[in-house]
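Hints in hand, dock the two standalone chains.
Protein chains in written order, with the numbering used here: chain A, 1 to 105; chain B, 1 to 149.
Please note that the accuracy of each hint is not assured.
Said to hold, decoys possible - So, partial list: chain A residues that the calculated Cβ filter (under 10 Å) puts toward chain B:
#1 Met33
#2 Pro66
#3 Asp69
Note that these hints are calculated values from the structure, not bench results.
All C-beta atoms in this analysis are idealised placements derived from N, C-alpha and C, irrespective of residue type, glycine included.
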Amino acid sequence: MKSEGFDLGRFSEPAMLILVSLAGGEKHGYAMMEDIEAFGGTRLGPGTLYGALARLEKQGLIEPVPSDDRRRPYRLTGAGSTALREQLSGLRAFAATGLGRLVAA
Amino acid sequence: MKWSRLLWLYPSEWRQRYGAEFLAMVEETPATPRAALDVVRGAADAHLRPQLPAEGGKRFPVARAWLRNAAVAFAVQMSLFWVWSFAALLAGWSLGRLAVGNLVLVETRVERGVSASSEANLVVFVAVAVLAATGGTIACERRGRRAAG
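One chain only, chain B, in its complex shape (with noise of 0.2 Å):
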């Protein structure tokens, strides 16, 4: 397993301070799907709970989680649907030659006469992006303040 790589998920100032000796840490490591998965988790932990003093001191700190948040779910949503489009398409559906037209900004019409704009669709990912970010920077605030006494 390339560790290397796994590391790139957390965020740069986490990896300038902590990256050579978390690499030198799990080059020892026996390379588990379990230990990757713990991984996976303390990156997204990072990015949603910044552990650096330095980032402690940084401006607009909640508005910078709440863009965070946001640009995550909208990565997110489009990873996503990009993968059940292609599969769709790939499947011989209509609807998924519908949904990679969208994708591509373009209006699309099926044969049956259907149509769908594509600013619906980033109309939708963006509704969703900003309630998820809303969401999980209350509760990161709530959570942070419990922690805090």
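In isolation and in its complexed conformation, chain A is listed as follows (with noise of 0.2 Å):
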């Protein structure tokens, strides 16, 4: 199931990697990028990163913390983690249903 307003053409995949990590917790770019890099097996560009986290903003998914910090963090807002959910329940969906025609196989 497609979320409205989640398509975020080649930036699909880095935005699911940033929301996912976001969902464990409010972080900064270059944290978004170790803890990516730790959990996905794959390191994004500064310019990919921020290219996504811009697009995650202006669709309201994620919002900027107030901060002191030069490295501004950033976390999930109510429509982000609604977004995330549905994009997860549709992979889990479709982990099923390919795991169990392997399985029938």
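In structure tokens form, the structure reads like this:
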């Protein structure tokens, strides 16, 4: 199932990685980069990360956390949590279907 | 590597909003050619597909995008032409002198009596820029509509 306004073109994958990273708590850009590399096995470049961050913020799925540090942290919004839950539920159903068919084959 | 120089490739609105935190992040990032290329790609994307809410609220967004694309296409052509012209000039090719002459907007005649006008070059540059900007803007609009569902 695809949620409204969550199609980010070629930034879909980085956007999903960022949302999953922020689901574990607020983080600034570099911490996201490290976290994504740890759980996703891929290192997002700075331009790719901030391109996706800006779009996610524009769509209201994440928001900056007030901070005096130059490294501004971000967190999920309610809409972001909902969108991520929908995406992951869709993926779970997709995976279950595929695995079920493999077992049957 | 001077990341702050690459930051200037981004639109000014983008720099105002994300510049400080972006620099804080990249200063912790290992400076590799791959990372630099990623920043250049990100900057091009920020120009072609506005990412800030304020940019979406501007008047005539398509016309602004077209003008921006045309300016970029024209600048790229001029840059390539400058490089080629001076390379040819340094190599001693008569065509190089012709090209540089055209570039400074004067009619030039080479030894063999071949003439060319600067206006002809400019017409070609403008025509290519118009075509590239129109094609690029249409492609971005279609992509944007698909992304919006």
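Here is what the structure says about each hint:
Proximity of A/Met33 to chain B holds as hinted, the smallest CB-CB distance being about 7 Å (cut-off 10 Å). The beta carbon of A/Pro66 comes no nearer than 13 Å to any beta carbon in chain B, farther than 10 Å, and the hint placing it at the interface is violated. Against a cut-off of 10 Å between C-beta atoms, the interface hint on A/Asp69 holds, since the closest Cβ of chain B lies about 8 Å away.
The structure shown violates just one earlier hint, number 2.
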